[in-house]
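Since the structure of chain A is already known, use the hints to place chain B with the ligands on it.
Chains A and B, in that order, are what the protein sequence lines are. Under the working numbering, residues 1 to 516 are what the first sequence spells out, in order. Under the working numbering, residues 517 to 857 are what the second sequence spells out, in order.
These are calculated hints, taken from the structure and not from any lab test. Owing to the predicted nature of the structure, the values given are computational and were not obtained by experimental measurement. There could be a bad hint or two in this list.
What the hints assert, rightly or not - Coverage of chain A stretches by chain B, computed from C-beta distances (three or more under 8 Å per stretch; other residues unrestricted):
| # | stretch |
| --- | --- |
| 1 | 99-105 |
| 2 | 112-123 |
As the list claims (entries may be wrong) - Selected chain B positions facing chain A (in silico; Cβ < 8 Å):
| # | residue |
| --- | --- |
| 3 | P630 |
| 4 | F632 |
| 5 | I633 |
| 6 | L697 |
| 7 | R699 |
| 8 | T774 |
| 9 | Q824 |
From the three backbone atoms N, C-alpha and C, an ideal C-beta is built for every residue, glycine too.
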Amino acid sequence: MSDPSAPPATRPSLLDIRGLSKSFGTLKALDGVDFTLGEGEIHALLGENGAGKSTLIKVVTGVFARDAGTVRLAGREIAPRSAKDAVDAGIATVYQEVNLLPNLSVAQNLFLGRQPTRFGVVREGEMKRRARALLFDYGLDIDVGAPLSSYSVAVQHITAIARAVDLSARVLILDEPTASLDRHEVEILFSVMRKLAERGIGIVFVSHFLDQVYEICDRVTVLRNGRLIGARDIADLPRIDLIRMMLGRELAETTHERAASQPDTAREVCVSFKGFGKQGYVAPFDLELRRGEVVGLAGLLGSGRTETARLVFGAERADSGEAKIGGKAIRLNSPRDGAGFGFGYCPEERKTEGIVADLTVRENIVLALQARRGLHRPLSRREQDEIAMRYIRMLDIRPPDPERPIGLLSGGNQQKALLARWLATSPKLLVLDEPTRGIDVGAHAEIIRLVRELCEQGLALLVISSELDEIVTYSNRVVVLRDRAHVEELKGDAVEVSSILAAIAADTAPAHEAAS
Amino acid sequence: MKASTSVAITAFVLVAGFALCALQFPNIASTRVVANLLTDNAFLGIVAAGMTFVIISGGIDLSVGSVIGFTTVFTALAIERWGIPPLAAFAMVLVLCALFGAAMGTVIHVFELPPFIVTLAGMFLARGVSFLLSTESIPITTPIYSAVSDFAIRLPGGGRLTAIAIAMLVILVLCALLLHLTRFGANVYALGGSRAATALMGIPVGPMTIRIYMLSSVLAGLAGIVFSFYTAAGYSLSAVGVELDTIAAVVIGGTLLTGGQGSVIGTFLGVLIQGMIQTYINFDGTLSSWWTKIATGVLLFVFIALQQGLMALARRSSLKPAGAKLAGAKSPEVKPAGALT
Ligand SMILES: Nc1ncnc2c1ncn2[C@@H]1O[C@H](COP(=O)(O)OP(=O)(O)OP(=O)(O)O)[C@@H](O)[C@H]1O
Ligand SMILES: [Mg+2]
Chain A
1 MSDPSAPPAT RPSLLDIRGL SKSFGTLKAL DGVDFTLGEG EIHALLGENG
51 AGKSTLIKVV TGVFARDAGT VRLAGREIAP RSAKDAVDAG IATVYQEVNL
101 LPNLSVAQNL FLGRQPTRFG VVREGEMKRR ARALLFDYGL DIDVGAPLSS
151 YSVAVQHITA IARAVDLSAR VLILDEPTAS LDRHEVEILF SVMRKLAERG
201 IGIVFVSHFL DQVYEICDRV TVLRNGRLIG ARDIADLPRI DLIRMMLGRE
251 LAETTHERAA SQPDTAREVC VSFKGFGKQG YVAPFDLELR RGEVVGLAGL
301 LGSGRTETAR LVFGAERADS GEAKIGGKAI RLNSPRDGAG FGFGYCPEER
351 KTEGIVADLT VRENIVLALQ ARRGLHRPLS RREQDEIAMR YIRMLDIRPP
401 DPERPIGLLS GGNQQKALLA RWLATSPKLL VLDEPTRGID VGAHAEIIRL
451 VRELCEQGLA LLVISSELDE IVTYSNRVVV LRDRAHVEEL KGDAVEVSSI
501 LAAIAADTAP AHEAAS
Chain B
517 MKASTSVAIT AFVLVAGFAL CALQFPNIAS TRVVANLLTD NAFLGIVAAG
567 MTFVIISGGI DLSVGSVIGF TTVFTALAIE RWGIPPLAAF AMVLVLCALF
617 GAAMGTVIHV FELPPFIVTL AGMFLARGVS FLLSTESIPI TTPIYSAVSD
667 FAIRLPGGGR LTAIAIAMLV ILVLCALLLH LTRFGANVYA LGGSRAATAL
717 MGIPVGPMTI RIYMLSSVLA GLAGIVFSFY TAAGYSLSAV GVELDTIAAV
767 VIGGTLLTGG QGSVIGTFLG VLIQGMIQTY INFDGTLSSW WTKIATGVLL
817 FVFIALQQGL MALARRSSLK PAGAKLAGAK SPEVKPAGAL T
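Isolated chain A, as found in the complex (with noise of 0.2 Å):
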């Protein structure tokens, strides 16, 4: 770890930050940072949740003022003091929270502030004519014209990053933006950032997936609370020693090796669905969840893995089939019945439809309990206290105040927060859509040790990852979804992630043979 400032000697430096400091009352969110970005250079940005790294963004682009600290862009010295003055200045950022506007067209999220207009008028026919053809360069044709909300988290991404894309900035800040693209779509925006990177932009790039940061990344630089820990070229750095940077401790490698199975019948059937299905969403499919077993549910984007979890849970009505517990058959109408036979659901997209963010983390860890318990029977504070500190503890939340409002953590804190606002409920059943998502490594570990300490205890549970190693680390058995359809179900030495990759990619070959 020594000299851990030395500029890329190869590069001239584009983004110049020296000694950047930012405290939140007493915490100290950075502390003397230093950070160099050369001309053309795709740097990635690592540390553990809570490390700083979106407070570092925030504070360079002016949305944050900073305590102390130079940044220089090509030599000048800039201090925007809002986004707009970041963007004028030339540096163009996807913050890591959703950052646009859910109920304007695709194409005014893309050229918002600044449409082509003529004598005052918005040019309609001219922005949807260049949105179209800016999305095009993706892999996205859709109609843009219309609101950003019917369209997937996956496209609402790429819009957010086309549009600072399309900026021209001389840097361009991306704070975790694969966390819900698929493999396709990363690879789409990888090629895109190759490009810029090729003319020169300086590229930051937050992510927690290690396997994309040696994809693309020419160097990083790591922080560990608040604290530069050191910048390398990422090709003399093996992947144990950036774990330990970022870590400050060695990461226990349990978590690879595959939970031991057993014969699946042995255990008592939680829930099970025969022909359960819903026109145009799922189609029909036969589930048994059992006690004491993880099912995890794989698949590309959009092949219906989190639409069969909304249908398990009662988040949507399903229309043909039935659901038995025990052998009778259930009304599973709305979540309420879901939650009423003890199922509980953690949807993927937490942070924005998750939290209450002017609640402190208590609140928000008993808030589930709370109210299935009823107004009428509140939790003591103290109880309040207890659960929380234990979730706290159990998946190192931090800062570990529970009486922190929740807004205030950072993203991958945020997640942990409502992963333990449903495993306070101590549910039957506990439905995960991308638990791991947005969570550092460290903490990766933890939650996928959490599933199966969970499921040893009884829990029966189903898994959405697009991650398969973490899928195939702890499901007892893989359902494989396409073009939604259940396609296969994995069992015992079956579950690999070859087999997996198998199923989900028997795809179109085949079918169009027999089609044709």
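Only chain B with the ligands this time, still in chain A's reference frame:
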């Protein structure tokens, strides 16, 4: 899609209601009645246009009724007592209104206070100042007023489209253009979608907020001037409670109280519906005029319920694969809104 559905529903209610009224009182279906309706509600249409901007941007302006009252008193005093030429008096009062709106917008933005509180304070302030100026009704006798009142375009069927009705229609068209066709308008919708996101997208949120409240106050000022033409007097107690009628018209017109969605056309339809109820009650002759309020209340209720229903429907339909296609083989996952919160 959703916005236009609520406007369509409002239009349907208006047409159906009008047809029912006309069945009972065939005389209602005449240009005369319709033109009168426009004249009687000209000031309401003008404030409601401003309120539409405020509500779409996620705010609320409770001060408009008081600003109308203040404007009438100030105008009457300026013309009748201080001997200021009417046009100069109008200009002065509009500048005062603009400053007042700018001040409210600034307070809302800088101190991050809820618009409800700030404009409530503004409401008391403006009303108080009008009382300070004068507590009695001041008739306006200047010739311009009678000239303008006499001006009207004759419509076939005996209706008279008065100057103030024309003023309202022109202002509504301008406001619709501003809201739907300009960057300013897009920013208004953006603010209603999410303030934080709008700021992060590099839109100057502060100046936008200030301008929106300025616009609302200036339109309230214009409405006040129109009101003074209508009554030919200035009175500090005029237009009490008009802010609520205005909000009702905007909401009935399909604008979401939570912001982010709405239209000037819808608001215009909302104003017409209120006017229609009033006309019906006048025709009936036996009903107390308070029935207007009751009918408006019921309608508001129905419309808000309808909006909620429509939103739930839209949420359902958005779960079906939307028209999006990735260039790859698969269609994107369509995310439903939150299930559990
Ligand atoms: N507005 C705020 N007020 C108070 N504290 C804050 C605020 N924003 C962030 N923090 C705190 O600053 C620290 C750094 O947070 P930051 O969001 O920069 O982390 P991060 O590295 O981006 O983490 P993640 O990977 O989870 O996104 C955290 O401890 C967080 O709680
Ligand atoms: Mg972050």
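Quick rundown of the hints versus the structure:
1. 99-105: holds (count 6)
2. 112-123: holds (count 7)
3. P630: Hint on P630(B): violated, closest Cβ of chain A at ~13 Å, above 8 Å.
4. F632: violated (17 Å)
5. I633: violated (17 Å)
6. L697: With a closest approach of 5 Å, the L697(B) hint holds.
7. R699: holds (6 Å)
8. T774: For T774(B), the interface hint is violated, since the closest Cβ of chain A sits about 10 Å away, which is over 8 Å.
9. Q824: violated (16 Å)
The structure is inconsistent with the numbered hints 3, 4, 5, 8, 9, although it conforms to all the rest.
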